[in-house]
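S.K.: Listed below are the residues making up each chain.
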Amino acid sequence: MNTAQANGAAPARNAPLTAGEIKVEHVDKSYGTGLFKKSVIQGCSLTIDRNKLTVMIGPSGCGKSTLIRLLAGFERPNGGTITMDGKPIIGPGKDRLVVFQESALFPWMSTYDNIMYGPRARGEDTPQSRKQAEFLLEKVGLTAFRQKYPPQLSGGMQRRAELARAMINNPEVMILDEPFRGLDAMSKELMWEYYAGLFEESRRTNFFVTTDIDEAIFLADRLIVMTNIPTRVRAVIDVDIPRPRRLASNFDDDRANQVKMQALSLLHEEAMKSFSGGSRAAADFVEAYSRRNAADSSPSAGKAS
Amino acid sequence: MSGIERIRKKIFSRSGLRAAVALLAFVVLWEIGSRSKQWLGITLPWVGKIPAPSTVLAVWAGLLGDVGYWQSWLMSLFRVLAGFSAAMLIGIPLGLLMAVSRTFHGITFPSLELLRPIPPLAWVPISIIFWPTQELSIAFVTFLGAFFTVVINVVGGARSIDSRYFQAAQAMGASQWDIFRRVVLPATLPSIVVGSSVGMGITWEVVVAAEMISGGGGSSASGGGLGFFIWNSYVGGSYEQIVVGMISIGIAGYACSEVLRRVGGYLTPWLQKR
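Chains as they are written, first to last, in this note's numbering: chain A, 282 to 586; chain B, 471 to 744.
Please note that the accuracy of each hint is not assured.
[Stated by the list, open to error] Computed spacing ranges between beta-carbons, pair by pair:
no., chain 1, residue 1, chain 2, residue 2, range
1, A, S435, B, A492, 35 to 41 Å
2, A, K412, B, T738, 26 to 32 Å
3, B, T738, A, S546, 47 to 53 Å
4, A, G324, B, R732, 56 to 62 Å
[Unchecked claim] What the simulated footprint calls covered on chain B by chain A, stretch by stretch (three residues with Cβ under 8 Å from a Cβ of chain A suffice, anywhere in the stretch; the number is not a length):
no., region
5, 546–554
6, 736–742
[What the hints assert, rightly or not] Among the chain A residues that face chain B by a calculated CB cut under 8 Å, a handful are:
no., residue
7, F355
8, W389
9, A402
10, N450
11, A466
Treat the hints as calculated values from the structure; they're not laboratory data. For glycine and all other residues, C-beta sits at the position ideal for the given N, C-alpha and C.
Just chain B, same shape as in the assembly (with noise of 0.2 Å):
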């Protein structure tokens, strides 16, 4: 009850009228764009190639009963989970590790400066022929994407902590140990949020264009994830589901954002106002 009532008061908002008006305006302009050969007699450059939203909401309202086109996205949302807790589980550690040991990060920095440059994408001939499956090599790219940032946002944080934290903490008797789980870890965290976050916008860029790259991994086209559905679709002439395809990744995004939007909150209360 108060859930419905808080939704339709975000709805109603200024906020929330002005963001369904620009929504409608854009969708307006993209039917008036597409359809301008049809309803001004000349064509737009640009736009007047694109399916107009119109039809693309009838091919998708189609695709909704076709389980291809949900276990594209399974496909896609599985391979992203996994890069992206891998980056975690081994960037996290591997961060606040060259944060807290000056010998460590001399060690390692220089070899991951070195590979921080090289783009995703250039990995994927070298991930095919390195890992088993194909699988794997996906995944390991879409990895890639996500670790690089959750390393370099980790020791960012790590070491940009005030030094009258620890001063103060050691005055009062805190062990190394206390200090790092009590100190250094929530300090962190605020940068280990943004890191994921934006790691997560990386790993869906990287995820779709490896799976065009490289085929998409499964036997049949409905296996492939959200990117091969976009390429098949171009390579079968349906403008229309490239678009869905395309929609689609920005959901999936959006709704994998807003997810961790919400654990972040949840792990960082005192960043909240009052």
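Excised from the complex, chain A in its bound form (with noise of 0.2 Å):
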């Protein structure tokens, strides 16, 4: 890692990065004890393939953010493992960085400063690491906004510097929790091309959480469906669009739109699940959902054909 970071102009880009794989194995988690006792994960497994970007989706509120907590380390599981490179994960470390929901920068900092954070916290304020900052600074476009805090940012620029910031560090895995959430509908799309690019670049692994379909599909190499709470994996798509992808083309690919049909059916019937039997209210929006699909459907097929 030294060696790689000493010897180039363009460090991120040459360094062969040591890309981690995380196997999570029979996982249980749950909250409170006895009649308050909430299992939130149970049995799951599941595998972050090395060098590839794998997306989980399931409905919102099934435990994907505490997946997340057990994979950084700043919780344990009740019981299974969690290893990376066969080595089981017992905290928080620089070679596993999440990338929060909402901006975790820290707001009294500048944009430069935030992101040299980790280096200077580890005693590397070295010229190496200044000129990683520097690298990284125009890679995400920030260079002229180096000395901005970060309430003074959009909320684009924040997620760019936040993935800088974590960049700099050079982990072996990057973790993102629903990174784009609250971005207007632009500014997300823009992400999804920057941040995909920025992955075929590098080709670290990378674990992305969300709720979006299209967001999921648009990025994925492999795509895992979640069940509702308690959660597990539903299932495992394999996502085969060629890279580098592009947002124009991905909505007409066919592949991609047999992918979304798929993934949206297995979401349908775990976010039905939600709702309790008997209930009026459940059974019409089943029906409606189950309306809306016929209709959604038909046209896409159409194109297909």
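Dock chain one against chain two, each of which comes alone in its own frame, and use the hints as you go.
M.R.: Laid out in structure tokens, this is it:
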């Protein structure tokens, strides 16, 4: 890692990244005890493949964020094992960095200081790390905003700054918890292309959690569909759409639409489960959903043929 | 040049004009109220007994050359600064320690909460008994005025820091000390600024009252601070001087708050808008 940083003008591009692989096996996680025990994750097994962009999608409130806290090492599972390259995960570490749902940039530091936080915290305020910070600033298009504080940046800029702050630590796995939630539709789509480009350059192991099906399919190499709470893996879909991907082409891609339909039907089934049986409101909801589905699928089926 | 220009702009702006008109109207109404007997033939209740602003100004002009008056200013200012700095120096570390350590919080919180509701002025007799000099006892009471506010604000500020900041810092390899220095401290700074400006206000309230009760502490009438200046004017029957003393405290308090606002703004540049 050090040699890689020292030898090139463009370290992030040329560095042979050490990408990790995370294995989750039979993991259980619950909160509370006795009558108040709430099981959030039950018997969950999955693999986050090396050098791939794995996207996890599931109904909101299904326990995705809990799983992320386990992967990051902020919390420990009640049962099962989580290992990274064979070694059990026992606490937070710079080999697995999390980009949070809403910006967790330090508001009291400038963009540059935020990006330099990791190196400085480890006593590595060296010319190399400063050069790397400049390189990343340029890469995320924030060179002109290096002295601005996060509250002075737009939502999209904040996300890019946060990506840079994580990337400078050269993590073996990047974990992203709905990072583009709350952005407006335009910036969101720009961020997809942008983020996909970053991934395609580095091929670092990425684990991306979302509730947005279009986002999931555009980004994913592998799509993991989760069940409702207590969550476990419902299905794994390989999204074999060639890279580099562009938004315009992705919407017309047959394979993309096929994956979308497959994932949506699984997700709707899971979403239904959160409505208890016997409720009339729930029955209405199910009916409305199936009608909408039928209406949705006919034009796109027509386009495909 | 540009500074003068800016001040001119500020004064002649819409809000500056509004403030000036409001202030002028206040003074005019006051003048009419206190001269109601002379001018209208009726004594308005309450305001009728207050000296008119014009006579207050005249008395004030006479006092401007008086060394004793300025000594009162300095005396009170010195006491406020002493009590306030002591409150900051002890209150900020204590508050941070309480926020960081659950054990320390458990030990100190009950006694702190027990002492906090006691008004600073209730401490005057005991502090006169306890401290060797009157000066120290006034400073101590002043200190108490700001101390609890500062502590409560620091603890509250440090405890409400978003846990994701800690998680992010920890994951990036920060040590406990680094997290304290570069996350806890700056994240608490806005609360420290708020606590200190509220504390500063209370210090002025307390110092004046303490000076009145304790007789000012100075050997001569002129060395007793603004609180004693007011009390002395009351005893001596100079109502104009009472009002001069009151307005002086208002100006001093405002100046202190303004300085604190400036310092606070300088320390927390990320809270400024663009």
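S.K.: Hints first: check each against the structure and report whether it holds.
M.R.: For each hint, the structure was consulted:
{"no.": "1", "hint": "A/S435 x B/A492: 35 to 41 Å", "result": "39 Å, holds"}
{"no.": "2", "hint": "A/K412 x B/T738: 26 to 32 Å", "result": "30 Å, holds"}
{"no.": "3", "hint": "B/T738 x A/S546: 47 to 53 Å", "result": "52 Å, holds"}
{"no.": "4", "hint": "A/G324 x B/R732: 56 to 62 Å", "result": "60 Å, holds"}
{"no.": "5", "hint": "546–554", "result": "violated (count 0)"}
{"no.": "6", "hint": "736–742", "result": "holds (count 4)"}
{"no.": "7", "hint": "F355", "result": "5 Å, holds"}
{"no.": "8", "hint": "W389", "result": "4 Å, holds"}
{"no.": "9", "hint": "A402", "result": "4 Å, holds"}
{"no.": "10", "hint": "N450", "result": "6 Å, holds"}
{"no.": "11", "hint": "A466", "result": "25 Å, violated"}
Going down the numbered hints, you'll see the structure goes against 5 and 11, while the others check out.
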